[in-house]
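Using the sequences plus the hints, can you model the full thing?
Sequences listed follow chains V and R, in order.
Residue numbers are given in full-length UniProt numbering: position 105 of the first sequence equals residue 105, and the series is strictly consecutive.
Residue numbers are given in full-length UniProt numbering: position 321 of the second sequence equals residue 321, and the series is strictly consecutive.
What the hints contain is simulated information worked out from the structure, not anything from laboratory work.
Some hints could be false.
For the chain V half of the interface with chain R, some residues (derived, Cβ under 10 angstroms), not all of them [said to hold, decoys possible]: (1) 64; (2) 83; (3) 84; (4) 87.
Reference listing, derived: stretches of chain V covered by chain R, where coverage requires no fewer than 3 residues with Cβ under 8 angstroms from a Cβ of chain R [as the list claims (entries may be wrong)]: (5) 8-22; (6) 37-47; (7) 50-61.
Glycine included, C-beta positions come from ideal geometry on N, C-alpha and C.
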Amino acid sequence: MGAVSSVDPRPVVVAGPAGDGLVEGRRCTACAEPSAFTWPACPTCGGPVEPARFGPGGTVWSATVVRIPVADRTPPYALAYVDLDDGPRVLAHSAAPLPIGARVRLLAAAELKVERT
Amino acid sequence: MTVAIEGVGTSGFGRQPDVDLVDLAFAAVDEAFRDAGGPRTVDAVWVGTVFGPAGVAQRVLRAMGLTGMPVLTVENACASGTTAFAEACEAVRTGRYGRVLALGIERMGDGAIVPEPTDPEGRTGLALPALYAMAAARWLHEGRTTLEQLAAVAVKNKANALANPRAPFGGRFTVAEVLASRPIADPLTLLQCCPTSDGAAAAIVGRGGSGGGGVRVRSVALRSGAPWNHRSREVWGHDLVRDTGAAAFAAAGLGPEDVDVAEVHDAFTIGELVTTAALGLKAPHIVNPSGGLLSRGHPLGATGLAQLAEIVWQLRGRAGGRQVGRARIGLVETMGGGVSVLDGNACVVAVLEAP
Numbered sequence: 001m002g003a004v005s006s007v008d009p010r011p012v013v014v015a016g017p018a019g020d021g022l023v024e025g026r027r028c029t030a031c032a033e034p035s036a037f038t039w040p041a042c043p044t045c046g047g048p049v050e051p052a053r054f055g056p057g058g059t060v061w062s063a064t065v066v067r068i069p070v071a072d073r074t075p076p077y078a079l080a081y082v083d084l085d086d087g088p089r090v091l092a093h094s095a096a097p098l099p100i101g102a103r104v105r106l107l108a109a110a111e112l113k114v115e116r117t
Numbered sequence: 001m002t003v004a005i006e007g008v009g010t011s012g013f014g015r016q017p018d019v020d021l022v023d024l025a026f027a028a029v030d031e032a033f034r035d036a037g038g039p040r041t042v043d044a045v046w047v048g049t050v051f052g053p054a055g056v057a058q059r060v061l062r063a064m065g066l067t068g069m070p071v072l073t074v075e076n077a078c079a080s081g082t083t084a085f086a087e088a089c090e091a092v093r094t095g096r097y098g099r100v101l102a103l104g105i106e107r108m109g110d111g112a113i114v115p116e117p118t119d120p121e122g123r124t125g126l127a128l129p130a131l132y133a134m135a136a137a138r139w140l141h142e143g144r145t146t147l148e149q150l151a152a153v154a155v156k157n158k159a160n161a162l163a164n165p166r167a168p169f170g171g172r173f174t175v176a177e178v179l180a181s182r183p184i185a186d187p188l189t190l191l192q193c194c195p196t197s198d199g200a201a202a203a204i205v206g207r208g209g210s211g212g213g214g215v216r217v218r219s220v221a222l223r224s225g226a227p228w229n230h231r232s233r234e235v236w237g238h239d240l241v242r243d244t245g246a247a248a249f250a251a252a253g254l255g256p257e258d259v260d261v262a263e264v265h266d267a268f269t270i271g272e273l274v275t276t277a278a279l280g281l282k283a284p285h286i287v288n289p290s291g292g293l294l295s296r297g298h299p300l301g302a303t304g305l306a307q308l309a310e311i312v313w314q315l316r317g318r319a320g321g322r323q324v325g326r327a328r329i330g331l332v333e334t335m336g337g338g339v340s341v342l343d344g345n346a347c348v349v350a351v352l353e354a355p
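The following block contains the structure:
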């Protein structure tokens, strides 16, 4: 409801060496917790963080297909919470609905997106 | 110091875009003052609202002659109204004020809430039904519920609402009809999602002890969520509700087995199932006798105080055709969310005792 910001709050995805996607996040240097975000401190303990990359592999923790229009998105679209290997839980899109427990890989796309492997 | 709810009131609920918020707020506060008796004055006002425009609290209060005293506006997502109530109770308990008004007000737009674009998951398209759908999908996967058990929550609550003139979205539905309603976010269907609603609700909180119908506040707890992440074994919101409930029960010197009647946050059917499990409540037939958010609709800031009003009426034995019997201990739980990585923006649990 406030003033418009040009900042995009979503995780940053970069291309990995194999053409997959990697999340450019942070890892806490105090408690080692991973975070998908470039926030200034660790969400878990408040400790200092250093750059870290996560992915591309992960496991679907839960998933849904949204059937209603949301903001500027056209339904239906599939979303999943994915636990990246040794990394954070992230919210990602997928072209097709994903079963819980499925192995997925992160794609090199502007927005977090996964597909089954 | 003993804290008591002296009076409660609500506006009507449902979509009412042609009714001024001033009038919705007055309906709630006027009823609460008449219910409480005594002077129509308070020492301070806490107002809960989420989408209310700047200055909305003072704007509605001055229209009913409540001016001059401290007015504080709080926002805690869906738990904004119960947050206002929690602060009002603390102000009385600590002796800061003698008599306080807690007011929740909200005007919603049409359709589902547009997720907050400054939030990562909101920007990614995680509407609130989708967040709850993630919990429902996980519980289905773990075998902790079935599609039919999810739908049965809507069947129960919407049937309860048939005896509640303040719940416009009640009705008789079958499990099959609920499951066949329009899909919103798999596995949740339209009848498993609370409708949008405008409205207001209010409570007068005082020191009690003056006799009458004062419902005693045994305890009220408010917590905000810890990180919900790859280490979380439970679905979103579960641990925050569990911990807030545990704090409220400990402060009250009571346990979930003592609760006779509860109003909990059934914004979506899965919400009621997760919440009752997290609180440890064992008898689902006493949960949401009003019909819940599924039947009242969900005017965010007003919801918590509308839940509170229902429990006050139940504890006084004045809930009419939906009275659950001789209820001595009542519970209110409201859960607010929408900030990604957290297990919830805020949860409030209040434990109340009959006069």
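So, going through the hints one by one against the coordinates:
1. Checking residue 64/V against chain R: minimum C-beta separation of about 4 angstroms stays under 10 angstroms; hint holds.
2. The beta carbon of residue 83/V is positioned within 10 angstroms of a beta carbon in chain R (closest approach about 5 angstroms), and the interface hint is therefore held.
3. Given hint, residue 84/V at the interface with chain R, holds; its Cβ is 8 angstroms from that chain's nearest Cβ, closer than 10 angstroms.
4. For the restraint placing residue 87/V at the interface with chain R, the shortest Cβ-Cβ distance is roughly 7 angstroms, inside the 10 angstroms limit, so the hint holds.
5. For the segment 8-22 of chain V, the stated coverage by chain R holds: 4 residues have a C-beta nearer than 8 angstroms to a C-beta of that chain, and at least 3 were required.
6. Remark: the segment 37-47 of chain V is confirmed as covered by chain R, as 3 of its residues place a Cβ nearer than 8 angstroms to a Cβ of that chain, reaching the required three.
7. For the segment 50-61 of chain V, the proposed coverage by chain R is not satisfied: 1 residues have a C-beta within less than 8 angstroms of a C-beta in that chain, short of the threshold of three.
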